[in-house]
Structure formats: structure tokens, C-alpha cells
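Can you make the complete structure from the sequences, with help from the hints?
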Amino acid sequence: MRILLAVDGSPYTQKMLDYLAAHAEWLTPNHHYTALTVQPLLPPRAAKALGKALVDDYHSEEAQKVLLPVQEFLAAHQVTAVAESAVGPISQTIAETADKGGYDLLIMGTRGHGALAKLVLGSVATQVLAESKLPVLLIR
Numbered sequence: 001m002r003i004l005l006a007v008d009g010s011p012y013t014q015k016m017l018d019y020l021a022a023h024a025e026w027l028t029p030n031h032h033y034t035a036l037t038v039q040p041l042l043p044p045r046a047a048k049a050l051g052k053a054l055v056d057d058y059h060s061e062e063a064q065k066v067l068l069p070v071q072e073f074l075a076a077h078q079v080t081a082v083a084e085s086a087v088g089p090i091s092q093t094i095a096e097t098a099d100k101g102g103y104d105l106l107i108m109g110t111r112g113h114g115a116l117a118k119l120v121l122g123s124v125a126t127q128v129l130a131e132s133k134l135p136v137l138l139i140r
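Start counting the sequence shown at 1; every next residue gets the next number (UniProt numbering).
Think of the hints as simulated: they come from the structure by calculation, not from any bench.
Treat the numbers as computed from the prediction; the structure is a model and nothing was measured.
Some hints here could point you the wrong way.
Distance condition first, Cα-Cα at most 25 Å in a straight line; then the derived DSS-like pairs of lysine-lysine [claimed, not checked]:
#1 Lys52 / Lys65
#2 Lys100 / Lys133
#3 Lys65 / Lys15
#4 Lys65 / Lys48
Encoded structure:
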């Protein structure tokens, strides 16, 4: 099975990883994993003032801060994952990557707001569910 792990470095990502580690059927070398983090675009004026090279370096550094601990966690469980990063609208980019990447499943952590909070605040997880054609496993 090809599994996309949407990660952001938050405690909710760690809860997702802990859940996977506690369920041996999820963390197995038989699956192929990709860990994806998406960095939001910087405001256009800030990006222009900083310049493309500095903005690219910033996005790369931020992605590595998220992806390195995930790769280390997975390696400790004898699982390797391809690390990918992207820049753009977070939920849309996750959903597009999941749909176009030939994945069988998308797994992500979520805060677990109640229905009213989701209605008022929205969430990346809710938006991904709405936009993705792929099965999504939400861990809260």
C-alpha cells in the first residue's frame, strides 16, 4: 500500500505517529510511505522584499524542521519514508498530492475540534476531506 503522511511538526503529527507505532499493521516495511509537509506561501510583499533565494532557503529550512523528526521516528521503527515538501495552500496542496501521486491512503493528525468549531473555524483536515478523492485516515 502506498501511504501519504501529511505532517506539520505539531503535537498532532506526533499523536498520529504514536498511533501508527501502536498499531503494527500500519508501520510495516510492506507499505511505501511518503511524508509530506506543506509550507504556506509568504505574503507577496514580504517574498518580493526578501528575494527568491532567501524565500526558497526559508521554505527548505522549515520543511526540514518538520520532516527530519518524522524520518527519525519512522527509522526507529524500521520504516523508511520518502520526504517531500511543497509550498502553497496547505489543504489544496495535500489533496492534490494525494490524488495525483498514486497513493492508496492519506493519513494525518487533527486537533479534533467539535462540529461547531469546525463550522466556524474550518480546519485543514476538514478541507482535505472535502477536496481529496482518496481515503483519509484522521488521527486525533
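Evaluation of the provided hints:
Distance hint between Lys52 and Lys65 is fulfilled; the C-alpha atoms sit about 20 Å from each other, no more than 25 Å. Proposed proximity of Lys100 and Lys133 is supported: the alpha carbons are some 10 Å apart, at most 25 Å. A hinted pair counts as satisfied when its Cα atoms are at most 25 Å apart, and Lys65 with Lys15 qualifies at roughly 17 Å. This hinted pair checks out: Lys65 and Lys48 have alpha carbons roughly 24 Å apart, not beyond 25 Å.
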